[in-house]
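Student: For reference, the chains in residue letters:
Protein chains: 2
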Amino acid sequence: MKFSCNKESLAQACVNVSRAVISKSTLGALEGILIQAHDGKLSLSGYDLEFSITTCIDAQIEVPGEIVLNSRLFTDMVKKIPTETVTVSIDDKHLANVTGGSVSYTILGTPSEEFPEIPTVESDDIIRLPNAVFKDMVDHTIFAVSLNDVRPTHMGSLFEFKNGLLTVVSVDGYRLAIRREPLNIPFETSFIIPAKTLKEVTALFGEEGTCEIHAVKRRITFDNGTYTVYSRLIDGDFLEYEDTLPKNEKTLLKIEKRELLSGLDRVSLMISDRMKYPIHFTLNEMTMEIRCDTPLGKASDVNYCPFEGESIRLGFNSGYMIDALRACDCDKIKVRFNGPLSPIVIEPEEGNKFLYLVLPVRIK
Amino acid sequence: MKFSCNKESLAQACVNVSRAVISKSTLGALEGILIQAHDGKLSLSGYDLEFSITTCIDAQIEVPGEIVLNSRLFTDMVKKIPTETVTVSIDDKHLANVTGGSVSYTILGTPSEEFPEIPTVESDDIIRLPNAVFKDMVDHTIFAVSLNDVRPTHMGSLFEFKNGLLTVVSVDGYRLAIRREPLNIPFETSFIIPAKTLKEVTALFGEEGTCEIHAVKRRITFDNGTYTVYSRLIDGDFLEYEDTLPKNEKTLLKIEKRELLSGLDRVSLMISDRMKYPIHFTLNEMTMEIRCDTPLGKASDVNYCPFEGESIRLGFNSGYMIDALRACDCDKIKVRFNGPLSPIVIEPEEGNKFLYLVLPVRIK
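Protein chains in written order, with this note's numbering: chain A, 9 to 372; chain B, 9 to 372.
No wet-lab data here; the hints were simulated from the structure. Don't take every hint at face value.
Same chains, same names: a pair is fine if it fits in one copy or spans any two.
For lysine-lysine, the following DSS-like pairs were computed, each having C-alpha atoms within a straight-line distance of at most 30 Å [unchecked claim]: (1) Lys306 to Lys372; (2) Lys340 to Lys361; (3) Lys255 to Lys87; (4) Lys306 to Lys10; (5) Lys258 to Lys372; (6) Lys170 to Lys32; (7) Lys284 to Lys170; (8) Lys342 to Lys255.
Bear in mind the structure is a predicted one, so any value in this text is a computation, not a measurement.
For reference, chain A alone in the conformation it holds in the complex (with noise of 0.2 Å):
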């Protein structure tokens, strides 16, 4: 095997494969880029069993032929060479030679029947999302997924495709996050997609152009015509989250987004990682007081804020609640209250793209 191409290019994308490629495992393989070379092609790959990257480059190939080469090593090699142009030839013991210039480096690989096959997704229908709408709606829900695995189809992200709307739901326990889009696909759909391959797509995408979504079963592929990334599906039921919004309310308060955030972080200084104490939210006679007393000490901010409905007193966690505003994406927003024990709900002032739910906590 022996190609030659673009230091820049292929350094790219080795560094954007890595991010598939898990650094420590007892499979040596899998800390390794499979690269192929066919047909005036280099494809590169990295895979963890669950996830994978997959893009291909131009290369001037003398000898086709295919090798796994550890991903850091291979690709701070390649970073390294001083040329525009970097060759590659591996001989019959696996022995990869890369050089460019006055540099020239030996590592050795691995042959690439040793690296686990990529699952392939095949599906008529498919699904195109502009990767701008894709990254917002990751972003403003995903701090809402479940961290621990006790109910595993909270580790992802709800997909939901149905009546010209896309819909994604995340859910921890504590609170819940939606956010909806208008987007016209000719079938329904839903799937659950696991939090870090969210993570990673939606960075490796980023705003640009638009990605194509094959999902069956519980596989999908997303590709922006650059980068094709497998993944695996989340199997299970997700919450039926409809049933959790609350239909009414006894308090509701319309208010600009940054006054309540700047409330909450100036009181949840008295909040340290080690000491969890709710924050104490009372609305009566035209006032708001967010106030907090931890062993560190006391902390208030009462402010003039008029509000329709009942008077109310109840406590929540600092950490949601702000977690919640911050994703809201508008100045103005309505915070619906059903008494201290129901459901704060969290919405814009116009329209419904989205909807925050956070649970009170019960305070003396």
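We have chain A already, so just place chain B on it with the hints.
Tutor: Just chain B, lined up with the frame of chain A:
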């Protein structure tokens, strides 16, 4: 005790004196900032028993007094106050109330009697040093300070004021760094400043203005007009560094610093933190070869390179050589070799502003 002052000035002063505050201590007062309000001035100090920072800011003092407040909490509170002015009042029970606008914080302070006294240093021999020179000399020698306490005097840098010259020297047993700068003071003196102090003072003082140094026996103060920094000095005899500098050379290499550095950088790829292997360096027949063989693989960089004197082949620690080269602030350097077991000397091609010395390692 009660005072009001500008929020930004107070926040800035807190952030800076906090550099001398210990984050975790069995003596609670050491986790705090000493605040002293007297005669229309507010003084703030942090002190970790070896090092202190003190500054004064303007304040409107209603009731004079002293208190120690937790550094992290107090700094964050002041930062989060939404108004231009912040008011701090302390009651008889050392409860501190920090307020501004809608926000009110209450934390428990510590009586100032529990704060250890910061030593004073008084000397008629004053050294005035431009901060830019001070920072430059520290930045380019501090990498060679010893990190282990086998020889405590090597855990700081020697400052030697002699013959119209300031010489700064750091050494760790494997390499040595010298920086020289003309500086006229009417007396001779030398002392060893702990590396931590040098880092903190240069970071705090930056490159503007001048600092005034008083050093007496084991104590030193630095004053830039806004901040006063106290530190202990390291006691003991520093290496007689003049004796360690090779007088002769068998091989002389004049080279662009960048060229040598990039060759070393490329070849060092085969060295990881866990596996220390020496670089093999050869000058022979107008050629410079930099090579490294490790269990990860082989790397070599071979370039045309004229030199003066004998051919040479030796080994050295790549990290030590790279540190020294990075610290050279000129493009053209000369490297002097005196056989494979004699220290390698790196100097500017012109002048004697700096001298770096790296010990070679024995290779097969």
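Student: All the hints need checking, so say for each whether the structure fits it.
Tutor: Hints, one by one, checked against the model:
Taking the shortest Cα distances, Lys306 and Lys372 sit within 30 Å of each other inside one copy (16 Å), while across copies they are farther apart (68 Å). Taking CA atoms no more than 30 Å apart as the test, Lys340 paired with Lys361 passes inside one copy only; the shortest distance there is 13 Å, against 62 Å between copies. For the homomeric pair Lys255 and Lys87, neither the shortest alpha-carbon distance inside one copy (57 Å) nor that between copies (40 Å) is at most 30 Å. In this assembly of identical chains, the alpha carbons of Lys306 and Lys10 lie at most 30 Å apart only when taken from different copies (19 Å versus 69 Å within one copy).
Proximity of Lys258 to Lys372 under the C-alpha cut-off of 30 Å is restricted to the intra-copy arrangement: shortest distance 21 Å within a copy versus 83 Å between copies. In this homomeric assembly, Lys170 and Lys32 never come within 30 Å of each other (Cα to Cα): the closest approach is 41 Å inside a single copy and 55 Å across copies. For the homomeric pair Lys284 and Lys170, neither the shortest alpha-carbon distance inside one copy (39 Å) nor that between copies (59 Å) is at most 30 Å. Taking the shortest alpha-carbon separations for Lys342 and Lys255, only the intra-copy value of 14 Å comes in at or below 30 Å, while the best inter-copy value is 79 Å.
Of the numbered hints listed earlier, those contradicted by the structure are 3, 6, 7.
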